[in-house]
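*Asks:* The lines below spell out each chain.
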Amino acid sequence: KQEVTQIPAALSVPEGENLVLNCSFTDSAIYNLQWFRQDPGKGLTSLLLIQSSQREQTSGRLNASLDKSSGRSTLYIAASQPGDSATYLCAVKGNDMRFGAGTRLTVKP
Amino acid sequence: DVKVTQSSRYLVKRTGEKVFLECVQDMDHENMFWYRQDPGLGLRLIYFSYDVKMKEKGDIPEGYSVSREKKERFSLILESASTNQTSMYLCASSFASAGSSYEQYFGPGTRLTVT
Numbered sequence: 001k002q003e004v005t006q007i008p009a010a011l012s013v014p015e016g017e018n019l020v021l022n023c024s025f026t027d028s029a030i031y032n033l034q035w036f037r038q039d040p041g042k043g044l045t046s047l048l049l050i051q052s053s054q055r056e057q058t059s060g061r062l063n064a065s066l067d068k069s070s071g072r073s074t075l076y077i078a079a080s081q082p083g084d085s086a087t088y089l090c091a092v093k094g095n096d097m098r099f100g101a102g103t104r105l106t107v108k109p
Numbered sequence: 001d002v003k004v005t006q007s008s009r010y011l012v013k014r015t016g017e018k019v020f021l022e023c024v025q026d027m028d029h030e031n032m033f034w035y036r037q038d039p040g041l042g043l044r045l046i047y048f049s050y051d052v053k054m055k056e057k058g059d060i061p062e063g064y065s066v067s068r069e070k071k072e073r074f075s076l077i078l079e080s081a082s083t084n085q086t087s088m089y090l091c092a093s094s095f096a097s098a099g100s101s102y103e104q105y106f107g108p109g110t111r112l113t114v115t
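Sequences listed follow chains A and B, in order.
For the first sequence, the numbering used here assigns the number 1 to the initial residue and increments by one for each residue that follows.
For the second sequence, the numbering used here assigns the number 1 to the initial residue and increments by one for each residue that follows.
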């Protein structure tokens, strides 16, 4: 059974810092990996989707990488802003979809 | 833009009541999902549906049932609500074909409290 782990569970950084969120998974037989953002009390907003054949995807200040063989993905956020404060979840699509527990990010002004 | 809507943002129900949570998507997606999200436990799949009138159990189906009479609508039913079903419920949808990205789109969530 696929297990998805996100480290750290929480992260606090000053505004303007570049940061990396980590996601690891145990079974490399995946179709894709998806990064989501969740604001308190809200649903999930899809940020980036990386197909299993891809190495990375970029959207604005966000860059997600995928190393399927080692079971790792990273979400890089450049020049962080207070509006980036949220919980970030990764999800891995294999036979089913498995979610990590998330990293709660706080960006301080 | 894909839109997934859920019938209520907040619900308060009493123990033993029958509860209906509804989800509608407007992208002609084949797959629809119901998850619950609890602190420390993350998202757990309750049921999913890959076609009208078709359903599959997820990881935690006990105490729940589902209905999919139309492609765009997927309902989650709590036959007799209990306090341990207090949670955030999230609906999602996606395409199903092998050539698609399987990207899941989520609704805004329903915060259910059972007293």
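To be clear, the hints were calculated from the coordinates, so they are not data collected in a lab.
Don't take each hint at face value.
Unchecked claim - If you want a taste of the chain A side facing chain B, the calculated C-beta under 10 Å gives, among others: (1) Ile-7; (2) Asn-32; (3) Gln-38; (4) Gly-41; (5) Lys-42; (6) Ser-46; (7) Met-97.
From the three backbone atoms N, C-alpha and C, an ideal C-beta is built for every residue, glycine too.
*Asks:* For each hint, tell me whether it holds in the structure or not.
*Replies:* Hint check results:
| no. | hint | in the structure |
| --- | --- | --- |
| 1 | Ile-7 | violated, 14 Å |
| 2 | Asn-32 | holds, 6 Å |
| 3 | Gln-38 | holds, 9 Å |
| 4 | Gly-41 | holds, 7 Å |
| 5 | Lys-42 | holds, 6 Å |
| 6 | Ser-46 | holds, 6 Å |
| 7 | Met-97 | holds, 7 Å |
Hint 1 from the list above is the single one not met by this structure.
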